[in-house]
Amino acid sequence: MADPTETERVRLATAGARAVTLESLSSQPRGDLFKGALFYALLILALAVALAGLAAIIIQAAVKGAPAIGPDLFTNGPSTLNPSEAGFRPALIGTLYLILGVIVLVVPLGIGAAIYLEEYGDRSRWWNRLIELNVQNLAGVPSIIYGILGLAFIVRGPLDLGFILVAGSLTLALLVLPTVILAAREAIRAVPPSIREGSLALGATQWQTIRRQVLPAAVPGVITGVILAISRAIGETAPLLLVGAATFVTFNPTFLGDNGYSALPVLIFNYAQRPQDEFRVLAAAGVIVMLVVLLAMNSFAVWLRNRYEQQW
Amino acid sequence: MEDSIRQAGDQMTEEDIPGTEEGPRRGLSQGIEVGAAADPIGGIDPWSGEKVFELEDVTVSYGGVPAVKGVSMGIQRNEITALIGPSGCGKSTLLRCLNRMNDLIPSASVDGSILYHGQDLYGPRVDPVQVRKMIGMVFQKPNPFPKSIYDNIAFGPRVLGLDDVEERVETALRGAALWDEVKDRLDDNAYGMSGGQQQRLCIARTMAVDPEVILMDEPCSALDPISTGKIEDLMLELKEQFSIVIVTHNMQQAARVSDKTAFLIVRLDATENNRWGELV
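Line by line, the protein sequences give chains E and S. Sequential numbering of the first sequence, starting at 1, is according to our numbering. Sequential numbering of the second sequence, starting at 1001, is according to our numbering.
Keep in mind the hints are simulated off the structure, nothing from the lab. Don't be surprised by glycine CBs; every beta carbon is placed ideally from N, CA and C. Possibly wrong hints are sitting among the right ones.
If the Cβ cut is set under 8 Å, some of the chain E residues that face chain S in the computed set are [said to hold, decoys possible]:
(1) A190
(2) G198
(3) A201
(4) L202
(5) A204
(6) T205
(7) Q208
(8) R212
(9) Q213
(10) L215
Partner residues are not named here, just some residues of chain E that face chain S (Cβ under 8 Å, in silico) [to be verified]:
(11) D122
(12) S124
(13) S194
(14) I195
(15) L200
(16) G203
So here's chain E without its partners, still in its complex pose (with noise of 0.2 Å):
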């Protein structure tokens, strides 16, 4: 303001062109005010809804289970005569060896199918759009109806494998297949084309070139795809019952053993059956193992996928 320069009458009209300028920036209308806040309390609304039914659960099933929360949830095997220390473990091994077999089954097949959408598909030809249009309508169909297809084709009919584990894990693993191949392709997709054309211009093979760039850097988000299609696999009642899973199973189950064998959905389905409150509180507990073993297989793919996050 020591500038010399400065009349009486510069000064007038400076602050009166801050003054305007003041003003034009900060009257909003009032309706426009109110629909933003409107809008951004619905957005916390929306939030807070499936906030509140996650912590639900967490906390009536955390209540619940408490009396039966110990190490015998993990180690001891199912009993009608002695529920205090009846616990987890035949279905707790069935669930970890029927994700397994998901795993080993969706990877390499969901990878493929995206592949070859993705890069070698041509669009333009009708069947290819056929093909993806299926994809997308199956990773909507109930899963009841994987369930008989899995007796009707996997437990007996062509393949005739009887009830065994990996016929579980063949049924889930169809279940869950087109959701790894949909987010195997949007992980392949994000790759830049730039990428493949740098490969291609070096006169790399396509096949080299989606082995060796596109593959790597589409890694974390096939590994997303894999975690949604565990945490859905994990939880399946209804395919299993129809292939052969048992509710109620005292030994530990193998993958191609035909004496039977549970999963921990079916087991909590079980003990939520009964009238006695004993085995209520044991289901509570069921369904606290299962969180706690969903949240042990996610947080390793996390881990596995920020290990090969990448940036372009």
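Keeping the supplied structure of chain E fixed, place chain S upon it in accordance with the hints.
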């Protein structure tokens, strides 16, 4: 492996294709202006050198709509040939035909003939992968792989099964005047480099597989003047070793670096409202 590539290259030049004799010459004389950066030999016939490419009446269409029409020209060995012209005249399209990168666009089709040492690049027995081994390309936007600096360069030699990968990496980085800047951080991610360094990395990456020709698609358009200057200096050095074809928007750049310049213009079709590029 390297030997087999060389042999393949030799075979390509030996096999004679009917029509090579008189075909392209006509196109050349009417097609090309000699660029402002005068012929280095001076006074001698500028077309005396060995031709790497001979284009004859090349038309490129996307889904039936022509982008470049009737281009005939020659590109000589160990020279820098610039393609200039306004936006949308198909310079990049034409360039991408030279190493069959247009194959990646399903709707693109190429008519006319493109001869590489007398061999039709679009012949039935030509494998685009082999073509790209000999004719490398540097793109408009630097596109390093999401890997370490070392792995970026080593990728080419590795997938082509060339030996002495480590030596090639160093030679290529030295060749691209990048060695002193990155020799202490070869294991760092290439995305940590500046834009100019990334582009020189891409040039080094191309050099590491010993191509004969390097195509450059506006290599400096995303770079600042200093980086641009470095790359131009680099190009002038590289032409001893390689033949270079560069697409550029920048007339001054074409004048500074090129031995010959092809100028494409846009023609409008009044009835169909199509536009395509034509060589003048």
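Status of each hint after checking the structure:
1. Because the smallest distance between the Cβ of A190 of chain E and any Cβ of chain S comes to about 12 Å, over 8 Å, the interface hint for this residue is violated.
2. Because the beta carbon of G198 of chain E sits about 5 Å from the nearest beta carbon in chain S, less than 8 Å, this interface hint is met.
3. Interface restraint check for A201 of chain E: the shortest CB-CB distance to chain S comes to about 4 Å, inside 8 Å, so the restraint holds.
4. The restraint placing L202 of chain E at the interface with chain S holds, with a minimum CB-CB distance near 4 Å, inside the 8 Å limit.
5. Given the 8 Å rule on beta carbons, the hint for A204 of chain E holds: about 4 Å separates it from the nearest Cβ of chain S.
6. For T205 of chain E, the shortest C-beta to C-beta distance to chain S is roughly 5 Å, which falls under 8 Å, so the interface hint holds.
7. The criterion of a C-beta within 8 Å of any C-beta in chain S is met by Q208 of chain E, whose closest approach is roughly 5 Å, and the hint holds.
8. Contact between R212 of chain E and chain S, as hinted, is supported at the beta carbon level, the nearest pair being about 7 Å apart and thus within 8 Å.
9. The restraint placing Q213 of chain E at the interface with chain S holds, with a minimum CB-CB distance near 6 Å, inside the 8 Å limit.
10. Hint on L215 of chain E is violated. Least Cβ distance to chain S is approximately 12 Å, over the 8 Å limit.
11. For D122 of chain E, the interface hint holds, the least distance from its beta-carbon to any beta-carbon of chain S being 6 Å, beneath 8 Å.
12. For S124 of chain E, the interface hint holds, the least distance from its beta-carbon to any beta-carbon of chain S being 7 Å, beneath 8 Å.
13. Interface hint status for S194 of chain E: upheld, as the beta-carbon distance to the closest one in chain S is roughly 4 Å, under 8 Å.
14. The restraint placing I195 of chain E at the interface with chain S holds, with a minimum CB-CB distance near 6 Å, inside the 8 Å limit.
15. For L200 of chain E, the suggested interface contact is upheld, since its CB lies about 6 Å from the closest CB of chain S, less than 8 Å.
16. Residue-level restraint check for G203 of chain E holds (minimum Cβ-Cβ distance to chain S is 3 Å; threshold 8 Å).
Of the hints listed earlier, those the structure fails to meet are numbers 1 and 10, in rising order.
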